[in-house]
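Colleague: Listed below are the residues making up each chain.
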Amino acid sequence: MKAFLQFIFWIFVAFVALFLAIVLGERGAWYLAWVLGTVMIILIAVAGTVMLDARYEDEPLE
Amino acid sequence: MHALDTVVELSRAQFAATALYHFLFVPLTLGLTMLLAAMETIYVITGRAIYRQMTQFWGKLFAINFALGVATGLTMEFEFGTNWSTYSHFVGDIFGAPLAIEGLMAFFLESTMVGLMLFGWDKLSRGKHLLVTYMVALGSNLSALWILIANGYMQAPVGSVFNPETMRVELTSFTDLIFNPEAQAKFVHTSIAGYLTAAMFVIGISAFYMLRQRHVELAKRSFRVAALFGIFASIAVICLGDALGFINGEDQPTKLAAMEGLWETAEPPAGFNVIAWPNQDEQKNDFELQIPYLLTPLVTHSFDTPIPGVDDLEKTAAQRIRSGIPGLAALQHLREHPNDAAARAQYEAHKADIGYARLVQRYAPDVTQATDAQIAKAAADTIPPVFPVFWSFRVMVGAAFVMLAFLILAVTYSLRGTITDKRWFLKVAPWMIPVPFIANEAGWVVAELGRQPWTVYDQLPTWVSASTHSVGYMIFSLTGFVLLYTIFIVIEMFLMVKYIRLGPDDPHPGHGQGTPAGQGNRVSQWSEA
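One line per chain: the protein sequences are A and B, in this order. Going by our numbering, the first sequence opens with residue 1, and the numbers climb by one from there. Going by our numbering, the second sequence opens with residue 1, and the numbers climb by one from there.
Hints may be right or wrong, so weigh each one.
Said to hold, decoys possible - Chain B residues, not near chain A, derived (Cβ > 10 Å throughout):
1) LEU61
2) GLY92
3) ASN163
4) ARG221
5) ALA233
6) LEU240
7) GLU314
8) PHE437
As the list claims (entries may be wrong) - Restricting the straight-line Cα-Cα distance to at most 30 Å, the calculated cross-link-like pairs of lysine-lysine (BS3-like) are:
9) LYS377/B <-> LYS315/B
10) LYS123/B <-> LYS351/B
11) LYS2/A <-> LYS123/B
12) LYS422/B <-> LYS2/A
13) LYS377/B <-> LYS351/B
14) LYS422/B <-> LYS315/B
Honestly, the hints are just simulated from the structure, not real lab data. Note that the coordinates shown come from a computational prediction; the quantities given were computed from them, not determined experimentally. Idealized CB from N, CA, C, for every residue including glycine.
Take the sequences, apply the hints, and build the full model.
Modeller: Here it is, written out as structure tokens:
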């Protein structure tokens, strides 16, 4: 039941996000670009830094 | 100079001084909050204590900057009322709404969450604290959004109508105000410029640590996250700057002409003045170095659109002044005879140009008696000071490209894992910290000085916008602000240097330590081997 409610919740969140994206895309394209761009920049910065640790993990100790 | 002109100039100087001081703090806050969110995201994903230590350390520097940014920003909102009372009366209905929302929504969100972010590390779960950090980042950027919506209205007024009965501008469409293309482009450009500023700040200090062999593991990770964050920000800020220039150029051709040093209308394909020495008195460039064919596609995003120069813009302004004179005369008549249908019809026919008639009122208080010479003088006033706008624009753009080149190297060295070997680069990096700040200040000069002679473009001239203070009062308050804000800058520098020298605190026991991925684990053993 909990999983189902969580599923419903996230479906709702997805619909709200899609609605906002459509509205913003129509009238506020630059605002939408800011939202998407900021998320992308953060994700790339996070992923690239996690890679740094992963690389250390993979290399043998000297 | 007439006393009224002196008061207006001093009011402008005071606002420029406070805004430029304030704008030293704002971009770093906008960007550093997002970088903190990125750093803390890594902490939550990996569970490594070093990322918590990293977030806390940069968070401490953010807190110093945030406190002083708030202190310098508060006075600015009051200045609209104290020094620009005519402006505030004229557009208060429009301008007040975004400023109020900024205070009630964004600033309250930001301020409340800052406390939780700084002091809630041991009181909130990792997920909740991360959410708080994101709220701080969102709040600070939303704060900028509402301010820039207000500023966007000054640059390109939309969603409003002037009411001749109240002599005020009234809001007709809140959504038009929010979605004003000028505000949108300004917000994304300014916000991302803040990201770039924060990235350069973190890179510079991280390089300092690596150079001194202090906190190397933290510095390498900070450098990596900031370099990746910064390179995308630098690409975005250049692209968005082009978008803003395109939108702004259509709204304000006079600013565009000043930015490009265009004295005569440039027929396609026009050359781009890389450098020039604009001479406003003689309306020519004493010296110019051009790249052929570049300006037309750069500015108009086409190959066949002419770009209006100062000569044609002054002619257009003179026509609009002549058109606005009967409108302003009718408006003055309507103040005493609000039911006069003929005056109302005359007002309606010329209302679009009344702002221009107000320009000539500076030289001819009774505008119906304005001479050709006075109209020509007022038309010349519609061109902003070309030299500072031209060069501020080039300083901003030049700095952006220098930072892009720097960040390409930073990312390359960081991804290759050779950054600690590049001592020359580490030595240069701390000296790059001022570059984004200079670019930000130059950008503000382009935007605001380039808008002159208007406070609200095409509608309200600057010379009628100021309050009627005495010259002595303005000199006293200007001196006071400059002294006070200089002290703030000195305090910020002192605190920043102090805490940078102290470096990050030791990691808090029990957070990541002892976990497979915590500090004191294989990572640091590897790096110290």
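Colleague: None of the hints should be skipped; say for each whether it holds.
Modeller: Okay, the hints, checked on the actual structure:
no. : hint                  : result
1   : LEU61                 : 18 Å, holds
2   : GLY92                 : 25 Å, holds
3   : ASN163                : 26 Å, holds
4   : ARG221                : 6 Å, violated
5   : ALA233                : 6 Å, violated
6   : LEU240                : 8 Å, violated
7   : GLU314                : 32 Å, holds
8   : PHE437                : 20 Å, holds
9   : LYS377/B <-> LYS315/B : 11 Å, holds
10  : LYS123/B <-> LYS351/B : 60 Å, violated
11  : LYS2/A <-> LYS123/B   : 27 Å, holds
12  : LYS422/B <-> LYS2/A   : 54 Å, violated
13  : LYS377/B <-> LYS351/B : 21 Å, holds
14  : LYS422/B <-> LYS315/B : 57 Å, violated
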